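Student: One letter stands for each residue in the lines below.
2 protein chains.
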Amino acid sequence: MSVEKDMKRKANPVFQDAVKDAAAPGDSVKVITPKEQVEGILMPSPHKDIVMIKLNTGYNLGFEKKDVKEIQLVEREVLKQKTSLLMSKDEKLPTIVVLHTGGTIASKVDYTTGAVTAKFTAEDLLEKFPKIGKITNVHTELISNLMSEDIRFSDYQTIARAVKKYALEGVSGKKVKGIIIGHGTDTLSYTAAALSFMFERINLPVILVGSQRSPDRGSTDAALNLTCAAKFIAETDFVGVAVCMHHSSNDDDCAILPATKVRKMHTSRRDSFKAINSTAIALVKPVGIEYLWKDYPKGTTGKGLGSKEAVILRDKFEEKVGWLKVHPNMDPELFRFFTSHYRAIMIEGTGLGHAPTNLGEKNLQNYAYLQSFLAKGGIVAITSQCLFGRVHPSVYTNLRRLSEIGSIYCEDMLPETAYIKLSWLLGNYSPEEAKKMMVQNLRGEISEQSAYTDDFLKE
Amino acid sequence: MSVEKDMKRKANPVFQDAVKDAAAPGDSVKVITPKEQVEGILMPSPHKDIVMIKLNTGYNLGFEKKDVKEIQLVEREVLKQKTSLLMSKDEKLPTIVVLHTGGTIASKVDYTTGAVTAKFTAEDLLEKFPKIGKITNVHTELISNLMSEDIRFSDYQTIARAVKKYALEGVSGKKVKGIIIGHGTDTLSYTAAALSFMFERINLPVILVGSQRSPDRGSTDAALNLTCAAKFIAETDFVGVAVCMHHSSNDDDCAILPATKVRKMHTSRRDSFKAINSTAIALVKPVGIEYLWKDYPKGTTGKGLGSKEAVILRDKFEEKVGWLKVHPNMDPELFRFFTSHYRAIMIEGTGLGHAPTNLGEKNLQNYAYLQSFLAKGGIVAITSQCLFGRVHPSVYTNLRRLSEIGSIYCEDMLPETAYIKLSWLLGNYSPEEAKKMMVQNLRGEISEQSAYTDDFLKE
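Going down the list, the sequences are from chains A and B.
Following this note's numbering, the numbering of the first sequence begins with 1 at its first residue and continues without gaps.
Following this note's numbering, the numbering of the second sequence begins with 1 at its first residue and continues without gaps.
Calculated directly from the structure, the hints in this document are not laboratory data.
Some clues are possibly wrong.
Since copy identity is lost for identical chains, a pair holds within one copy or between any two.
As the list claims (entries may be wrong) - 30 Å max Cα-Cα, derived DSBU-like pairs, lysine-lysine:
#1 Lys320 <-> Lys294
#2 Lys66 <-> Lys48
#3 Lys376 <-> Lys320
#4 Lys362 <-> Lys165
#5 Lys316 <-> Lys294
#6 Lys435 <-> Lys30
#7 Lys131 <-> Lys92
#8 Lys362 <-> Lys69
#9 Lys362 <-> Lys435
Here the structure is a predicted model, which is why all the values come from computation and not from measurement.
Build out the structure end to end from the sequences listed, making use of the hints.
Tutor: Okay, structure coming up:
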């Protein structure tokens, strides 16, 4: 399985020296220490000094690398066989695919260290939540096993290509009604935005689901989030990318949140994911789905299984895009680094989209760096660290100076979304096209007008 | 006036070549162009190509520098004379000081460009809001005329020294009951945190006030914010630094917000300032002050006017502190720059305080840079871009890796506050002391335990 080989070669170099080419993650192995011999499936380890295997009981077991004498290969790619089963047998139920990328939603307490580590198989997940099998036929595939803070653009490509495969080919000749992507919560909203841009056309709902508490804990939110996502997919005519997470701190309903307007707003609560400058698309409640958006993207292409036009995927990203966070006392050396090292810079400005570039010797140096960067064809896109509201280039005289030299103002786009969009645009379009498209609303990332409500935090 | 001379020499180098030593901001001048001769007070200009004067009508007038033949000095320091008046004559009213730093609260529409520019005098401000003169004797002083995105650590020192002067010396032999600092909203919360740390002891309330709409506009929030701040100062026994801004989108009450737990959460709304992981200290309502905190810092030192022990100010800052924003696909070159250029780094991590430092070749390089930085005595302080909630080093195995190498976890401190605190600590204490104090609650920046509420955005 190429993903696993890739992980072995690149993502987790520990295996190169630990087991050489003898065994790769997903293989069944026997770990031999001076004290014991234990069989299990070799896992990617979260720590370079640990060799991790999954036991038949489902638990992961870690060994200190220095204690391991030998790792014997028992059988190749055992994990792949285990995870590719169609788990429900009811032909009438819609078929969904759960793609697994890692994160808390697939984690349990690691009894060797006491901390939470990622579990490996999507099968594990569904064994834990049999309810999903009662509303859908479920096919699962392992994509990666990363904590989400480590996800890179290359992982977006891996996920998107798997989505495309299932969207076009189905599973065992059956059309797939929708895809759940199990994902760590830290960067879940970034991935949601990335997939949203990457799929210029998609023919099914792609729902990212995370959990804030490990499924092994009583307080886990994984069950509700996954079940609501499956239920939503089974019943909805929505197509496109969205996020499904707890709507409130009560464990009774979930929100389907817009992929380009969602943000993790709390480190630990179950209801951490909030729509910013927008609302949830829908709520999935015990009684059914309540749509909050009158117009949401629906499946109108009419292109079914096997039709290549049903999906258009543009999956390249420009790596040389910097994220410049504005704060007091900014250092011209920082501006020098950003303007010499990157092709484009997303500035997370203050207020309406400001940066310290106006008065004072150092601030004027900052401005000079941006000016010369823009003059040489660099791209500067401006958002606000306020998160809520809209940037505006022409309210203040000072601010116009950034606009005058060619900075782009990203309206009410989140900094997270603007960074992803800019990287994606420059990967797939010319700089001139990218600059134009940056301020066009492609996937709901820009609202025409912001609704004025009594309490913007609760919009 | 040394501040103005400073501005002339450093903050606004345009005046060096435009008018040489002939006139400085605050002086009365005559601007001579081929077409006209106009008298007014020379203003710091927001743009290097513009010479700005304030006319007797109160309006600012800008001239393109290339059109200006000569600037004749009429009278020195006219502005200082104008702004240092005690404006109310009622001896019984408490005396407050309004220090002016610039920003929208002191701005009006600039009819030369159509945009909003900063007005210069605090007197202008109080002429506009006579209500304040009915509840307090008001003394005003001009500190600077910066849009707040340009404020640097040196400006914090200027503000703090003025606060200290009035706190210790009063005005014309009268004790000052409290100080209002008019400030641009963009970085108002950063300045609030900075002043909070700088004053280890203070004997009066120091209230930062901004406005989101220019006082020239019908929808301005300046009147209510300033009036509420004056009313709060007149009636309260609170001492310390806080922020006074609109409590809701209704124009009827203001919130007194904790200086180290407040953030601008919307680009343009009047109720943009919100307490994060905390609540407002008090609400200033038409009927009076409602305290939401049972315990708030009160004036207990008993050290009055003239007693030097009434105020302890530590006003140094370390400039070599970097703010590293975590996002997907981070570049080892960025980590290399931060770890080679700064003495300390505040990481605005994802989720519970994560950074891409675990799996994958580039992420492992990122980790190696941090590891070697810490080994050489660098300081790494970790917060979360979620803003709400608390970072935690020991939930995830991956995360422990950052903790193991000596990173500091800043509990539920805001990234903004952590950046300011770290810079301030390293300016005034040894690295070892700074590391210890970083996780101690000095000014309310760390909550012992977060209260669990139904809706964290509305805590």
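Student: Each hint: holds or not?
Tutor: Okay, the hints, checked on the actual structure:
1. Lys320 <-> Lys294: Neither: 38 Å inside a copy, 51 Å across copies.
2. Lys66 <-> Lys48: within (11 Å within a copy, 64 Å between copies)
3. Lys376 <-> Lys320: both (15 Å within a copy, 29 Å between copies)
4. Lys362 <-> Lys165: Classified as between; 28 Å across copies, 52 Å inside a copy.
5. Lys316 <-> Lys294: neither (32 Å within a copy, 55 Å between copies)
6. Lys435 <-> Lys30: neither (55 Å within a copy, 45 Å between copies)
7. Lys131 <-> Lys92: For Lys131 and Lys92, only the intra-copy Cα distance (16 Å) is at most 30 Å; the inter-copy one is 73 Å.
8. Lys362 <-> Lys69: Close across copies (29 Å), not inside one copy (58 Å); limit 30 Å.
9. Lys362 <-> Lys435: Close inside one copy (28 Å) and across copies (28 Å); limit 30 Å.
In summary, the numbered hints that this structure violates are 1, 5 and 6.
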